[in-house]
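S.K.: For the protein sequence lines, the chains are A and B, in the order given.
Going by the numbering used here, the letters in the first sequence line up with residues 1 to 479, in that order.
Going by the numbering used here, the letters in the second sequence line up with residues 1001 to 1317, in that order.
Just so you know, the hints here were simulated from the structure itself, not pulled from any lab data.
Hints may be right or wrong, so weigh each one.
[Claimed, not checked] Reference excerpt, derived from the structure (chain B facing chain A, CB under 10 Å, subset only):
#1 1192
#2 1204
#3 1208
Positions of the beta carbon are idealized from the N, C-alpha and C atoms, including for glycine.
These are the residues of each chain, in order.
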Amino acid sequence: MAETIFRKAKSFYDIYERKGGANKEVTHYCPGCGHGILHKLIAEAMDDFGLKEHTVFISPVGCSVFAYYYFDCGNIQAPHGRAPAVATGMKRANPKSVVISYQGDGDLAGIGGNEILQAANRGERISVFFVNNAIYGMTGGQMAPTTLLGMRTTTSPHGRKAGNEGYPLGMCELLSTLKAPAYVERVALTDAKHIMQARKAVRKALKAQVDGKGFTFVEALAACPTNWKVPTREANRWIVEMLEPVFPVKLFKDEIESRESEALEDRTYGPADVVAALDLPTEEPDIAFVRSPQAIKDPQIKVAGFGGQGVLLLGLALAQAGMRAGYHATWLPSYGPEMRGGTANCHVRISEHRIGTPLVHDSDVLIAFNGPSIDKFAPMVKPGGLILYDSSLVDRTIERSDVKAYGLPFTEVADKELGNGKASNFVAMGAFIVASRGVFDEGVVKSILPLVIKRKNMIELNERAVAAGMRIARDALAS
Amino acid sequence: MAKQFIKGNEAVVKGAILAGCRAFYGYPITPASEIAEAAAYYFPLVGRTFLQAESEIGAINMVYGAASAGIRAMTASSSPGISLKQEGISYAAGAELSCVIVDITRGGPGLGNIAPEQSDYNQMVKGGGHGNYKLIVLAPNCAQEMCDLTMLAFELADRYRTPVVVMADGFIGQMMEPVEFPSPVPEGDLPPKPWATAGTAETHKNLITSIDLEPDDLERHINNLYAKYAEIESAEVRYEEFMVDDAELICVGYGVVARVLQSAVEQVRAEGKKVGLFRPVTLWPFPEKRLARLADDGRKLFVVEMSKGMMVHLEAV
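All chains should be modelled from the sequences, with the hints used to inform the complete structure.
M.R.: Spelled out as structure tokens, the structure:
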């Protein structure tokens, strides 16, 4: 005849060494508390499925904060309400582990409402066990989101009122409306029949996780005689008569069978894969460029115009060309409120020395594509500096005699000669090469065009724009 | 590796991947969003995890879970988002988890604005969360350091089992500069973490927690933390000096302020005045001994911050 041996699950520690106090063989839970029952059901399932070495159990803040005293598996104690987020990080780090988020009603439905909702909605492949006893236990009987209407707690001493605190929050009702969860069931830890149902639910949830079937959620209605101030022997009846009418015990959702098992990626990525994926250049390109002694030294450049004129891109290209020509270089876009109102500008520094501030206040060079940019930045060009502006769009005359100012028809050339007005910024680039007396040359600019221009079919157009800009600048400087 | 012209925020992400970071959990916020965006692009390309969390709080707690599993993990945000993460940072410090938090600071208090500011100093360097703890805080001042110090942050986080912060202002995050990226850290070079809860037989007795119910136990734990912090203070102070040898006045600043001060020093030097620059690279551990020695020589210190003055370390006096 078969023998039934009653013993503690092996997924529990024999002696609870982590627990303080003298008696390390009993739990810290009060008599009649539901946590002990649910712990036992989980531990037995871990035994039967052989999970204890692969399980990470996440304890919440609440009475079950000390679940790690008991479970002989990996344990993490999480911040209040955040166990589903912690579980997300854990499970994704190690998809083969079994991750349990164990939470009470204040933790899960109150402070952690968003974490559970979002983890469920993402379909995280974790199992959540939710103990609903309609009250905060650990802190001494305060109102929970699941507290019943009229129920007196230490923070609802006159009874919970719908008009003040709203209605008891049904988490199974809420989560089962989501598409992602595979399994949502509410059970009651009351009599033997219901505890056997709870046992099935716990096993189902864990098995589904092992099989990679998705997010599983089991809510257990549990007793808290201490804080309910109900005699222990009456607590089960209290669950049946008071909690169950509000929180019906039932299966809300079960799609475990119809779900595909998650396929885990087993590809590994070596150093060469990483370098390639990050698009890291492995060799400096061979650029034959010799610095001209006549070139403007360490230019601080401001590029300004309307948004959409390619102002930031020109700045980027100037700085990249500077880098390619062997200088130090920085690029800083105008940033903050300045960006509002459709104007754009950026700060570019190219230098033979390590660059201090990336900000350009008084510039050596101003490249301007509209009138307001001239009004604002031309007075800030250093004496002896250079101003290049788009004479197709700027109707101002530069009043300063202590700078060299050239109005060149960037947009008109781009429009009429190249058939695309948007290339005006690289016409200006060509003009800069000439007017700066060769800070870098056309070859350098050509070599960086593929880095700054995303659309490959536009590269050739912009090469021609640079050449056209150089031509009109030479003509202007000669005259 | 050859130089690449790149935004500071993007250099953080490439540095993180090169350092073997396996998971990035983030939430969008200006001026740090490029970090999450670049992570969203690059992490999946090399089989690593990127997840946009439901909130800043979700993100730091996902990092908490990933770090508990023993992998290199990070998050990034900006000032108001960092305020939200402080609870999780305090837990990670208490549980001695290795993780990296990047803060691209902006204006405050409250929603403030998106312009660069350095007013996160107190909440990062002096502990914005509850309890007795310290964070290693690295302050890059260029795109190259955004990469290098992010990589260093992972190394220090693992070495000392502590959260490490990379704190840069919006300018350093937004500007582009040449960066020479190092080779990827080989996976075999990452230190083992026998303390983690990795869901394996070897680690199944492990516990990650910040709770110590007995006051004596908690005090012992905190004393252990502070012994570790003392070790960090003696081994990990980093700073940079520029023209200080003969300087009569030394400017002190970090982040983009140090860049501006460098230009100012060059300008004033050209006028024949003896000034120099001292840049703390580690804001904690703060280079207070070196700075105190410089001050003892009778030189004046001129401290510049984009805040109302938070870089105050009374230990140095």
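S.K.: Run every hint past the structure and note whether it holds.
M.R.: Comparing the hints with the structure gives:
no.	hint	verdict
1	1192	violated, 15 Å
2	1204	holds, 5 Å
3	1208	holds, 4 Å
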